[in-house]
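Enquirer: Letter by letter, the chains look like this.
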Amino acid sequence: MAEIELKNISKSFSDTQVIKSLDLSISDGEFITIVGPSGCGKSTLLRIIAGLETQSSGDVIIDGREVNNIRASDRDLAMVFQSYALYPHLTVKQNLSVPLKLRELSKIERIPIFNWFLPNRHSKLKEINNKVQKASDTLKITHLLERKPGQLSGGQQQRVAVGRAMVREPVAFLMDEPLSNLDAALRVHMRAEISELHRDLKTTFVYVTHDQAEALTMSDRMAVMMDGEILQLDTPNEIYKNPSNLRVAEFIGSPKINVLPAESDEKGNITCKGITISQTLKIPKKSNLLLGIRPEHMEIIGKNKNKYLNGKIIHKENLGSDVYLHVVLNENEEKIIVRSDSTNAFEVKIGEEVNSEWNDEKILTFDLDGKSLPLNK
Amino acid sequence: MNHQSKWFSEIIKHFILILGAVVVILPFYLMLSFSFKSPSEIQSISGGFFGSQELMLDRRCVKEGKPEEECTMLPIVYNYKAAFEEAPLLRYLLNGVIVTVSIFAIQILIALPCAYALAKLNFLGKNIVFGMVIFCLLIPVHAIALPLYLMLAKLGLTNTYAALVIPWTISVFGIFLMRQFFMTVPDDLINAARMDGMSEFSIIWKVMLPTAIPALLAFAIFSVVAHWNDYYWPRIVITGDRDLMTPPLGLRMFKSDMDGNEYGPMMAAATIIVTPLVVAFLLAQRRFIEGITLTGMK
Amino acid sequence: MSKFRSHFWFVVPAVLLMIVILIVPIFVAGIFSFTDYNLGSPDFRWIGWKNYEALTKYSSYKKMFSASLTYVVLVVPFSVLLGLGAALLISSLRFGGEIYKTVFFLPVMATLLAMAIAWEFTLDPIVGLVNKLLSEGCNTNWFYQLITGSWLGFNPAENWYGNACADRMPNWLGNKKYALGAISFIGVWQAFGFNMVLYLAGLTSIPRDLYKAAEMDGAKSSWERFKLVTWPMLGPTHVFVITITSIRSFQVFDTVEALTRGGPSKSTYMMVYAMFEKGVKQNLVGIGSSLTIIFLLFVLVLTLTQVYFVNRRVHYS
Chain A
0 MAEIELKNIS KSFSDTQVIK SLDLSISDGE FITIVGPSGC GKSTLLRIIA
50 GLETQSSGDV IIDGREVNNI RASDRDLAMV FQSYALYPHL TVKQNLSVPL
100 KLRELSKIER IPIFNWFLPN RHSKLKEINN KVQKASDTLK ITHLLERKPG
150 QLSGGQQQRV AVGRAMVREP VAFLMDEPLS NLDAALRVHM RAEISELHRD
200 LKTTFVYVTH DQAEALTMSD RMAVMMDGEI LQLDTPNEIY KNPSNLRVAE
250 FIGSPKINVL PAESDEKGNI TCKGITISQT LKIPKKSNLL LGIRPEHMEI
300 IGKNKNKYLN GKIIHKENLG SDVYLHVVLN ENEEKIIVRS DSTNAFEVKI
350 GEEVNSEWND EKILTFDLDG KSLPLNK
Chain B
0 MNHQSKWFSE IIKHFILILG AVVVILPFYL MLSFSFKSPS EIQSISGGFF
50 GSQELMLDRR CVKEGKPEEE CTMLPIVYNY KAAFEEAPLL RYLLNGVIVT
100 VSIFAIQILI ALPCAYALAK LNFLGKNIVF GMVIFCLLIP VHAIALPLYL
150 MLAKLGLTNT YAALVIPWTI SVFGIFLMRQ FFMTVPDDLI NAARMDGMSE
200 FSIIWKVMLP TAIPALLAFA IFSVVAHWND YYWPRIVITG DRDLMTPPLG
250 LRMFKSDMDG NEYGPMMAAA TIIVTPLVVA FLLAQRRFIE GITLTGMK
Chain C
0 MSKFRSHFWF VVPAVLLMIV ILIVPIFVAG IFSFTDYNLG SPDFRWIGWK
50 NYEALTKYSS YKKMFSASLT YVVLVVPFSV LLGLGAALLI SSLRFGGEIY
100 KTVFFLPVMA TLLAMAIAWE FTLDPIVGLV NKLLSEGCNT NWFYQLITGS
150 WLGFNPAENW YGNACADRMP NWLGNKKYAL GAISFIGVWQ AFGFNMVLYL
200 AGLTSIPRDL YKAAEMDGAK SSWERFKLVT WPMLGPTHVF VITITSIRSF
250 QVFDTVEALT RGGPSKSTYM MVYAMFEKGV KQNLVGIGSS LTIIFLLFVL
300 VLTLTQVYFV NRRVHYS
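Protein chains in written order, with numbering that gives the first Met the number 0: chain A, 0 to 376; chain B, 0 to 297; chain C, 0 to 316.
Since the hints were made in silico from the structure, they are not lab data.
Keeping only pairs whose Cα atoms sit at most 25 Å apart, straight-line, the calculated SDA-like set for lysine to any residue is:
no.: 1; chain 1: A; residue 1: 255; chain 2: A; residue 2: 361
no.: 2; chain 1: A; residue 1: 255; chain 2: A; residue 2: 333
no.: 3; chain 1: A; residue 1: 361; chain 2: A; residue 2: 249
no.: 4; chain 1: B; residue 1: 12; chain 2: C; residue 2: 237
no.: 5; chain 1: B; residue 1: 12; chain 2: C; residue 2: 223
no.: 6; chain 1: A; residue 1: 19; chain 2: A; residue 2: 209
no.: 7; chain 1: B; residue 1: 12; chain 2: C; residue 2: 207
no.: 8; chain 1: A; residue 1: 100; chain 2: C; residue 2: 223
no.: 9; chain 1: A; residue 1: 306; chain 2: A; residue 2: 350
no.: 10; chain 1: A; residue 1: 255; chain 2: A; residue 2: 360
no.: 11; chain 1: B; residue 1: 12; chain 2: C; residue 2: 184
no.: 12; chain 1: A; residue 1: 100; chain 2: C; residue 2: 229
no.: 13; chain 1: A; residue 1: 272; chain 2: A; residue 2: 285
no.: 14; chain 1: B; residue 1: 12; chain 2: C; residue 2: 226
no.: 15; chain 1: C; residue 1: 61; chain 2: B; residue 2: 140
no.: 16; chain 1: B; residue 1: 153; chain 2: C; residue 2: 33
no.: 17; chain 1: A; residue 1: 255; chain 2: A; residue 2: 321
no.: 18; chain 1: B; residue 1: 12; chain 2: C; residue 2: 97
no.: 19; chain 1: A; residue 1: 147; chain 2: C; residue 2: 237
no.: 20; chain 1: B; residue 1: 12; chain 2: C; residue 2: 76
no.: 21; chain 1: A; residue 1: 92; chain 2: C; residue 2: 226
no.: 22; chain 1: B; residue 1: 119; chain 2: C; residue 2: 11
no.: 23; chain 1: C; residue 1: 226; chain 2: A; residue 2: 146
no.: 24; chain 1: C; residue 1: 226; chain 2: A; residue 2: 102
no.: 25; chain 1: A; residue 1: 92; chain 2: C; residue 2: 231
no.: 26; chain 1: A; residue 1: 255; chain 2: A; residue 2: 373
no.: 27; chain 1: A; residue 1: 306; chain 2: A; residue 2: 279
no.: 28; chain 1: A; residue 1: 147; chain 2: C; residue 2: 223
Use the sequences and the hints to build the structure in full.
Expert: Right under this line is the structure:
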């Protein structure tokens with residue numbers, strides 16, 4: 000079990016600074032996700048925690064102990080790689096045994112033939128076998144033990160990779176986009192399995208992904224990372240409801256949040272496209288700002304209501320459970336996406352004019368730099 | 000691992016590699032160096048790399064009755080002069096060029112159309128032909144040398160350029176290589192050319208050839224190096240006519256002609272023969288290594 | 000119709016040449032191996048298996064097989080291991096790798112005949128650099144003791160170097176005890192650069208993630224990483240390199256013809272040289288042909304072994 004703390008970590012590769020002065024505190028036993036678009040530095044950060052990459056400056060502290068100069072194999076962490084990195088020439092059973100053999104048998108005990116004569120070896124091997132059995136039972140890969148990675152499907156390989164990390168009972172699991180090579184359906188299934196695994200093992204999980212849905216569904220807390228910095232660190236719920244930054248708001252939630260220009264007056268009243276919002280700015284100021292509203296908080300309405308946005312449907316995505324309508328607003332040709340449930344949206348056709356309204360309470364406001372502006376609720 | 004031990008292991012690695020490099024370069028160094036030196040310096044291995052370049056007396060020239068001033072010259076001049084005069088070295092070099100260029104040109108002429116047909120066209124017996132190619136890949140070149148020599152001798156073709164070139168004109172390796180490469184060319188490119196009215200023949204040279212330049216280049220290097228350096232076949236097939244000797248064969252004749260004292264000129268001749276490829280290699284290493292490694296990819 | 004014609008002409012020259020130049024000669028060799036044909040004589044007799052029997056009876060052929068096999072057994076492991084070692088060292092260097100790569104590859108490229116002659120001179124018993132250095136080593140205490148083993152307590156008089164210093168430096172190419180070794184040395188010198196390049200290519204194809212996984216699993220030293228990841232992942236390259244080197248070793252000719260002509264006492268009497276000597280120089284076409292067929296069989300066995308191993312691997316991974 001481990002608390003992991005990152006203090007002031009930064010990392011540069013030649014002239015490019017990939018991670019900028021980052022701090023992160025990970026509590027013991029929590030499932031924390033570092034999520035962000037490709038290239039934001041999250042995998043590098045994970046490798047720095049693992050010890051596979053050295054930070055340019057800053058400290059990595061595991062359980063109160065500074066591990067900067069301790070190499071990866073001594074940090075008692077386990078990693079699941081995006082490519083699984085299973086040894087192709089070894090069977091699943093041998094793959095699972097490698098970490099145990101390397102650690103629990105000394106060098107002499109590993110010399111072939113000669114080591115038949117060493118007394119403890121037999122009992123140690125038995126113990127290793129037991130651990131491998133246990134892990135493979137938990138992951139339901141016992142029937143695959145004699146196969147080689149090349150003979151396994153993607154999902155099976157993934158489980159073996161997790162198994163190899165598990166057998167060592169490390170203080171924390173590091174996972175580098177472990178699901179990104181799987182097909183969509185399998186991914187959803189494995190999300191649940193990994194979460195279950197976390198509940199069973201109660202070990203710290205540090206999970207890196209670019210898929211915001213994974214982050215939202217699996218984490219206790221998530222850190223949204225962009226361009227080498229953590230923009231927001233909070234529970235998934237908070238990040239979804241109260242993003243601190245427009246970039247976070249746009250990254251989290253699918254489809255992307257709608258962003259429209261708006262103005263505020265000295266009293267803090269906000270108007271957008273002629274509609275006044277019921278909420279006011281906490282810090283009143285006359286300014287131009289950005290209004291964000293998620294597609295799932297909008298709806299199309301009949302022509303009789305007031306306070307609507309008028310526009311034309313240019314595209315319809317029918318997902319079966321909902322319909323996403325892509326609408327072009329008449330005045331400035333801005334595009335928004337509105338989620339509608341099937342009964343309403345079934346009738347509308349592409350090219351038709353439609354009015355959309357939003358749920359005032361779910362409005363998010365940002366200044367022109369993207370910083371979130373708090374509202375009076 | 001801390002900084003210091005990393006440094007230390009780096010130094011050890013370089014030390015071992017340098018030791019190896021010395022052994023590898025040794026014959027090159029000596030060959031070049033002796034080509035500059037006088038016989039006495041060669042015997043005693045003295046004089047540094049370039050030799051002291053003291054004027055020496057060419058004894059044979061004196062024996063031939065020429066005046067002493069004419070027979071006194073710098074060792075390097077003596078060596079290289081002798082190399083070119085004692086044996087028709089220029090002729091050998093020319094032969095080398097003629098032979099390697101002819102071989103490569105004909106190989107391409109024969110292999111490319113066949114490779115194209117195997118890769119992109121359909122015809123009766125295509126699989127049989129490809130099977131033949133694979134089968135022939137297994138045949139080592141030394142195994143056919145003797146019978147080919149007999150066949151050529153019967154035809155009276157020994158001691159000819161034809162004998163030097165003909166056996167190599169069919170390069171199954173080239174066919175195989177080009178076929179693999181051609182298979183990666185998109186069919187649409189070829190179909191577009193056909194729609195434009197191009198004959199299949201033109202397609203080979205105007206469409207396939209340009210896209211295959213990298214592979215061709217690697218193959219060219221493989222072919223040129225192999226045939227410039229080839230000693231076995233010319234040794235068998237050129238039995239008397241010095242004018243047809245390729246560089247390695249010429250050097251070998253030079254060696255058996257010379258007595259023990261003429262190492263200088265012999266090393267000069269060796270240097271001249273080895274230099275073209277080495278210089279080309281140094282200029283285009285990557286391509287060379289690609290080309291030679293292709294041999295193995297068989 | 001015209002389409003068919005053009006396809007035809009594309010392939011016909013190649014096919015004809017394949018038949019005439021590659022396939023027919025094999026049959027010619029096969030046929031002549033059962034005769035006592037000499038080039039230039041008007042007829043020949045069918046003598047059945049006599050030629051092949053001769054290959055098993057006469058001591059010179061026994062020496063030939065032994066010399067060829069010994070050469071292969073010496074050259075293949077050394078050039079493969081040196082090639083691998085060089086590739087490992089070079090790929091782990093921080094700088095200068097390209098230079099070493101170039102240097103080590105030079106022997107592969109340079110005309111072997113020319114370099115063999117250069118080596119011959121270097122190995123010359125009296126004026127060659129090697130023996131000159133060894134002679135000076137006789138007077139250099141630490142070197143003398145090291146090579147003779149006298150620092151370990153061995154008697155210099157029983158050691159080759161001790162004797163050489165007392166008497167005469169070995170005649171590397173002229174002494175039947177050392178000639179094969181000297182020729183093998185030149186063979187290794189020429190071949191290992193090629194293997195190095197093949198191994199370098201193989202090393203770059205190993206997924207980097209495997210090393211990271213090995214580190215996380217606890218493989219701390221270079222040796223452990225080598226055992227767990229590098230060596231197994233080089234499997235296909237190993238098969239390849241060993242086969243290629245073996246086949247090329249069987250084909251050694253230039254060094255033998257130029258430096259030893261099969262001697263001394265047939266200690267360097269290699270198969271291809273024997274084919275040349277018997278079939279061409281001595282005009283014993285029958286024997287030469289039978290040697291050719293045997294040679295062909297050796298090479299075929301090696302090639303097919305490689306194919307077998309490669310296929311096995313492909314099905315496993």
